[in-house]
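S.K.: Read off the chains here:
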Amino acid sequence: METNRLIHQLRAWEEDIFKEWLRRMRASGCLNSRITNREDFSRRFAGVIAALDACAREPQSSRSARSAQDCLCLAQPLIEEARFGQERGMDLAFFLGYFKTLISCIEKRMPGAVPDLPRLAEVMAKLRQVADSMELTVVAGWQADRPDRTAKRALHSGTSDKLLGAIFMSVGEGILLVDEDFEIVRANQHACEIYGLQHENIVGADIRSLLEETGASLLVRYFSEIAEGQRRHAEVTCLYVDGKTFPATVTVTRSDLDGRMYWSLIVRDDTNQKAMEKQLRDEKQQIEEMNLTLKTVMKSIEQDRRDFENRVAAKIKTSLLPGLKKIDAASEASVRRSYLAILEEQLVSLTAGFEKELDPNLLKLSRTEIEVCRLIQAGCSGKDVCNAMKLSFDTVQTHRRNIRRKLGLSGEKLNLRVFLMNRIL
Amino acid sequence: MWNEEYDVVIIGSGFAGLAAAIEARKLCSSVIVLEKMAVPGGNSTISGGLFAAAGSRLQARENIEDSPELMLSDMLAAGCNFNHRELARIVAERSAETLLWTIDDLGVKYKSELSHLGGHSVPRTYNTENTSGAGIVRPMLVRCREMDIPIRLKTFLAKLIIDADGDMEGVEIREDYIFPNRESGVAKRIRAKQAVILATGGFGQDKEFRAIQNPMLTEDIECTNHRGATAESLICALQAGATPVQLSMIQLGPWASRDEEGFGVGSMFSMLAGFPYGILIDLRTGERFVNEQADRKLLVDAMLSSGRESIAIVDEMGVRHASTLEQCLKRGVVRKFNTIEELAIANQAPLAPLQATVASYNAVIEQGRDDRFGKPIPRDLEPLTHPPFYCIRLISKVHHCMGGIRVNPKAQVIRIDSNQPIGRFYAAGEIVGGVHGASRLGSNAIPECLVFGRIAGANAASEPSRSSL
Numbered sequence: 001m002e003t004n005r006l007i008h009q010l011r012a013w014e015e016d017i018f019k020e021w022l023r024r025m026r027a028s029g030c031l032n033s034r035i036t037n038r039e040d041f042s043r044r045f046a047g048v049i050a051a052l053d054a055c056a057r058e059p060q061s062s063r064s065a066r067s068a069q070d071c072l073c074l075a076q077p078l079i080e081e082a083r084f085g086q087e088r089g090m091d092l093a094f095f096l097g098y099f100k101t102l103i104s105c106i107e108k109r110m111p112g113a114v115p116d117l118p119r120l121a122e123v124m125a126k127l128r129q130v131a132d133s134m135e136l137t138v139v140a141g142w143q144a145d146r147p148d149r150t151a152k153r154a155l156h157s158g159t160s161d162k163l164l165g166a167i168f169m170s171v172g173e174g175i176l177l178v179d180e181d182f183e184i185v186r187a188n189q190h191a192c193e194i195y196g197l198q199h200e201n202i203v204g205a206d207i208r209s210l211l212e213e214t215g216a217s218l219l220v221r222y223f224s225e226i227a228e229g230q231r232r233h234a235e236v237t238c239l240y241v242d243g244k245t246f247p248a249t250v251t252v253t254r255s256d257l258d259g260r261m262y263w264s265l266i267v268r269d270d271t272n273q274k275a276m277e278k279q280l281r282d283e284k285q286q287i288e289e290m291n292l293t294l295k296t297v298m299k300s301i302e303q304d305r306r307d308f309e310n311r312v313a314a315k316i317k318t319s320l321l322p323g324l325k326k327i328d329a330a331s332e333a334s335v336r337r338s339y340l341a342i343l344e345e346q347l348v349s350l351t352a353g354f355e356k357e358l359d360p361n362l363l364k365l366s367r368t369e370i371e372v373c374r375l376i377q378a379g380c381s382g383k384d385v386c387n388a389m390k391l392s393f394d395t396v397q398t399h400r401r402n403i404r405r406k407l408g409l410s411g412e413k414l415n416l417r418v419f420l421m422n423r424i425l
Numbered sequence: 426m427w428n429e430e431y432d433v434v435i436i437g438s439g440f441a442g443l444a445a446a447i448e449a450r451k452l453c454s455s456v457i458v459l460e461k462m463a464v465p466g467g468n469s470t471i472s473g474g475l476f477a478a479a480g481s482r483l484q485a486r487e488n489i490e491d492s493p494e495l496m497l498s499d500m501l502a503a504g505c506n507f508n509h510r511e512l513a514r515i516v517a518e519r520s521a522e523t524l525l526w527t528i529d530d531l532g533v534k535y536k537s538e539l540s541h542l543g544g545h546s547v548p549r550t551y552n553t554e555n556t557s558g559a560g561i562v563r564p565m566l567v568r569c570r571e572m573d574i575p576i577r578l579k580t581f582l583a584k585l586i587i588d589a590d591g592d593m594e595g596v597e598i599r600e601d602y603i604f605p606n607r608e609s610g611v612a613k614r615i616r617a618k619q620a621v622i623l624a625t626g627g628f629g630q631d632k633e634f635r636a637i638q639n640p641m642l643t644e645d646i647e648c649t650n651h652r653g654a655t656a657e658s659l660i661c662a663l664q665a666g667a668t669p670v671q672l673s674m675i676q677l678g679p680w681a682s683r684d685e686e687g688f689g690v691g692s693m694f695s696m697l698a699g700f701p702y703g704i705l706i707d708l709r710t711g712e713r714f715v716n717e718q719a720d721r722k723l724l725v726d727a728m729l730s731s732g733r734e735s736i737a738i739v740d741e742m743g744v745r746h747a748s749t750l751e752q753c754l755k756r757g758v759v760r761k762f763n764t765i766e767e768l769a770i771a772n773q774a775p776l777a778p779l780q781a782t783v784a785s786y787n788a789v790i791e792q793g794r795d796d797r798f799g800k801p802i803p804r805d806l807e808p809l810t811h812p813p814f815y816c817i818r819l820i821s822k823v824h825h826c827m828g829g830i831r832v833n834p835k836a837q838v839i840r841i842d843s844n845q846p847i848g849r850f851y852a853a854g855e856i857v858g859g860v861h862g863a864s865r866l867g868s869n870a871i872p873e874c875l876v877f878g879r880i881a882g883a884n885a886a887s888e889p890s891r892s893s894l
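From first to last, the protein sequence lines stand for chains A and B. The numbers in our numbering rise by one with no breaks, and the one at position 181 of the first sequence is 181. In our numbering, each residue carries its 1-based index in the second sequence increased by 425.
Calculated from the structure, these hints are not laboratory results. For clarity, every value in this text was computed on a predicted model and none was experimentally measured. Glycine included, each C-beta is placed from N, C-alpha and C at the ideal position. There may be inaccurate statements among the hints.
Lysine to aspartate or glutamate pairs mimicking EDC-like chemistry, simulated, CA-CA at most 20 Å apart [to be verified]:
hint : chain 1 : residue 1 : chain 2 : residue 2
1    : A       : LYS162    : B       : ASP684
2    : B       : LYS755    : A       : GLU87
3    : B       : LYS579    : A       : GLU193
4    : B       : LYS755    : A       : ASP258
5    : A       : LYS100    : A       : ASP16
6    : B       : LYS755    : A       : ASP206
7    : B       : LYS755    : A       : ASP256
8    : B       : LYS534    : A       : ASP242
9    : A       : LYS406    : A       : ASP359
10   : A       : LYS162    : B       : GLU686
11   : B       : LYS579    : A       : ASP359
12   : A       : LYS278    : A       : GLU235
13   : B       : LYS451    : A       : ASP242
14   : B       : LYS755    : A       : GLU180
15   : B       : LYS755    : A       : ASP181
16   : A       : LYS162    : B       : GLU685
Residues on chain A that point at chain B, a partial pick, calculated with CB under 10 Å [claimed, not checked]:
hint : residue
17   : ALA54
18   : PRO77
19   : ASP181
20   : GLU183
21   : TYR195
22   : GLY196
23   : LEU197
24   : GLY204
25   : ASP242
26   : LYS244
From the structure, some residues in chain B lie toward chain A, with a derived Cβ separation under 7 Å [as the list claims (entries may be wrong)]:
hint : residue
27   : GLN752
28   : GLN773
29   : ILE839
Generate coordinates for the entire structure from the input sequences, incorporating the hints supplied.
M.R.: Structure representation (structure tokens):
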């Protein structure tokens, strides 16, 4: 019962003991607001009290053969605290000062807590023993490496780490930190956005699940090949959360921390760059094609020019010269005028681009027949032609027959007007 | 006046929003999903991927008798009958068919074992293969891509726009928005020819808003949600005339780890192994204090009372059910000890009472006797006798908002003044209030979101189309 009262009383005095402890720490110039905070103190105080509780309850075993072992067990929470402190960058001297002061403060209070406590000396001796064994273990273990914690320590964030962390998170390139299990242990905001994954989803994911197979195996090969500090680039295809793929450039660097290997990956989404590259390639190809087309066009223009000249020469020979001869032979002025009109149109058409065909057969037609043709071409019916030329229907029909014969249309199922539409008269 | 026009406009890209999009797109030609964050999926994708279904294939295989009525009665019991019963019934009734839809239509992969979560009468919880809601969200995102449904990220809902007849006509948004800067982005207006669906989730991360609803939820209480789970869209809906329901009913999760932020990997460890197969003790006394399989509200109330420091302890047998164990150990969220003694020392727990607690708990299980806290003793529950032992330090974190806006069974949002639906306005998912009453049972959120998301999507796309501008 007395021990319970002792423990109870000490717990009730926690605030006082804290103040006393703080005063002594300040006096020894060890005050550091980051490390001597109330919360940590409270936890460590609870640990010491728990150890004290256990000593007080088992007075018999204090001199037993197992006592060293027991002490170690009792000191365990404090040893844990030591490791915690070490991870936060506490140095050994400071840590021991912290606890020695704490234990001394508690000891000082103990006699006053329960005035008539039997075995008080014994309990105090045991507490000392616990403190000593803790000290031994802590000193011995201070430098020892704890592989299961190293990762955590490496990534533990103090103030400057926090600043670094903030920079890391906000960098405009995707950054992933991968451990030996290919697990992503850190990812920044941009990396999350690149893959469309929330931070909670990307951390803990296998890096290979974010890449297409060939890229994944390439990366894994790089992981095994590169030495610390070395850098490699890879162009890979990555997977967005909805299964869409995108091209990316990955820069891999290896950094070793506390005997473990980590790879940092800088990931750049190349979708835009690839798109621009493609656009450039397309444009280049288009220009080349255009160049080719232009060459062809130039050639064909040259060809056309030659053809044109040839055709003009041919036309002159086949159409104009016979016409001139006919004019020469024609005695009547009106007949000559008619032939001259044809020649004139043919000359005009030579320069007008040959939209309509010049038909040498037309020159075979008589003046009246040409007149009839013109009317037909203008869309006149047989009756209209009769009226316009003041000819009988039969005469017009005869003219039509002759025209068809001279134009080589006899027996053809071709409407005379249709034939004439494309021809120059 | 309008910059763009779609048949159906959906706000939010979680379970409810994506389910709505997929159903709507089957019936109309243009659907757009707007998401304010830079990545899709919200809380859904970081959730544990637990899906409760009454009358599933795995239940049939295990000869577990279950029915929508039983699921409904579990929901009402946990919800203290605050539930809007007709909505809760729809979730229970459609849970199994919706589960099948995810398997047969979306191709979601689940583990072959059912889990028994606290507050459920029988094991009825499916686990996604990767122990994450991403196991459902990803196939949905793939489907959206295949169906040509754009998901526009970094797009913030600034205002819901009502037309002259009082119907929902569209939304004012900020494009290229950078969370949480309200001034960022460019204002635009998108018109909905058929309807708008609000599927924006809860407000667990909105410390200011949640403290207004429940002043006990002070700023220092952590939250399992993603950063974007804030209240702006709820406020937009209220401005548009929606009816608020039970906004103060905000659930804390009892299973989250003290040693990591947010939902983390520890929550699933507690849910799948720590609580069903282990014990929950108060570090100060070394004793149990509650039925570990109670619903979340009872657990949290017990854990928060008289400043308890809770840890869950489970042995090698029980830990086999914890699919996130490896990650938990790697991140130091779960610690492993060869003996109960070592565990007690490391956690500064009084050894003798703890040993006594374990012994009496084991006796209860071995004898199949009634547990004094009322923990159900299923056949596969083993005593804690197989070292090593694992423990997780627990802290309650804000997890789910049971409250929200009121909808009818068609998922139409109900106007506060007329008690009639607001035309062309639907809502689904955590933004909706009343389904779960005072406390949501674990693994009931996914069926709720998917069931009502699909209802909202189908009904929204069946609205008569307005003429184009």
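S.K.: Checking one constraint from the list: CA of LYS100(A) to CA of ASP16(A), max 20 Å. Satisfied?
M.R.: Roughly 17 Å between the alpha carbons, so the hint for LYS100(A) and ASP16(A) holds.
S.K.: Grab the minimum C-beta distance from ALA54(A) to chain B and call the hint holds if it beats 10 Å, violated otherwise.
M.R.: Since chain B brings a Cβ to about 8 Å from ALA54(A), closer than 10 Å, the hint holds.
S.K.: Does LYS244(A) meet its interface restraint, that is, does its C-beta lie within less than 10 Å of any C-beta in chain B?
M.R.: holds, 6 Å
S.K.: Given the hint that LYS406(A) pairs with ASP359(A), does the C-alpha gap stay at or below 20 Å?
M.R.: Distance of about 11 Å is within 20 Å: holds.
S.K.: Verify the proposed pairing of LYS755(B) with ASP181(A), using a straight-line Cα cut of 20 Å.
M.R.: Since the Cα atoms of LYS755(B) and ASP181(A) sit roughly 11 Å apart, the hinted pair holds (cutoff 20 Å).
S.K.: Min Cβ distance, PRO77(A) to chain B: is it shorter than 10 Å?
M.R.: Holds, about 5 Å.
S.K.: Hint validation: ILE839(B) versus chain A, beta carbon distance must be below 7 Å. Holds or violated?
M.R.: Violated, because the Cβ-Cβ distance from ILE839(B) to chain A comes to roughly 32 Å (cut-off 7 Å).
S.K.: Is the interface hint satisfied for GLN752(B)? The criterion is a beta-carbon contact with chain A at less than 7 Å.
M.R.: It holds, given that the least Cβ distance between GLN752(B) and chain A is near 5 Å, below 7 Å.
S.K.: Please verify whether LYS755(B) and ASP206(A) have alpha carbons no more than 20 Å apart.
M.R.: holds, 14 Å
S.K.: Under 10 Å is the threshold here; is the Cβ of GLY204(A) close enough to any Cβ of chain B for the hint to stand?
M.R.: holds, 5 Å
S.K.: Double-check ASP181(A) for me: the hint is only fine if its C-beta lies closer than 10 Å to a C-beta in chain B.
M.R.: At about 8 Å, which falls below the 10 Å cut-off, the nearest Cβ of chain B leaves the hint on ASP181(A) intact, so it holds.
S.K.: Compare the distance between the alpha carbons of LYS162(A) and GLU686(B) with 20 Å, and conclude whether the hinted pair is satisfied.
M.R.: Judged against 20 Å, a Cα distance of about 15 Å means the pair holds.
The structure shown violates the earlier hints numbered 11 and 29.
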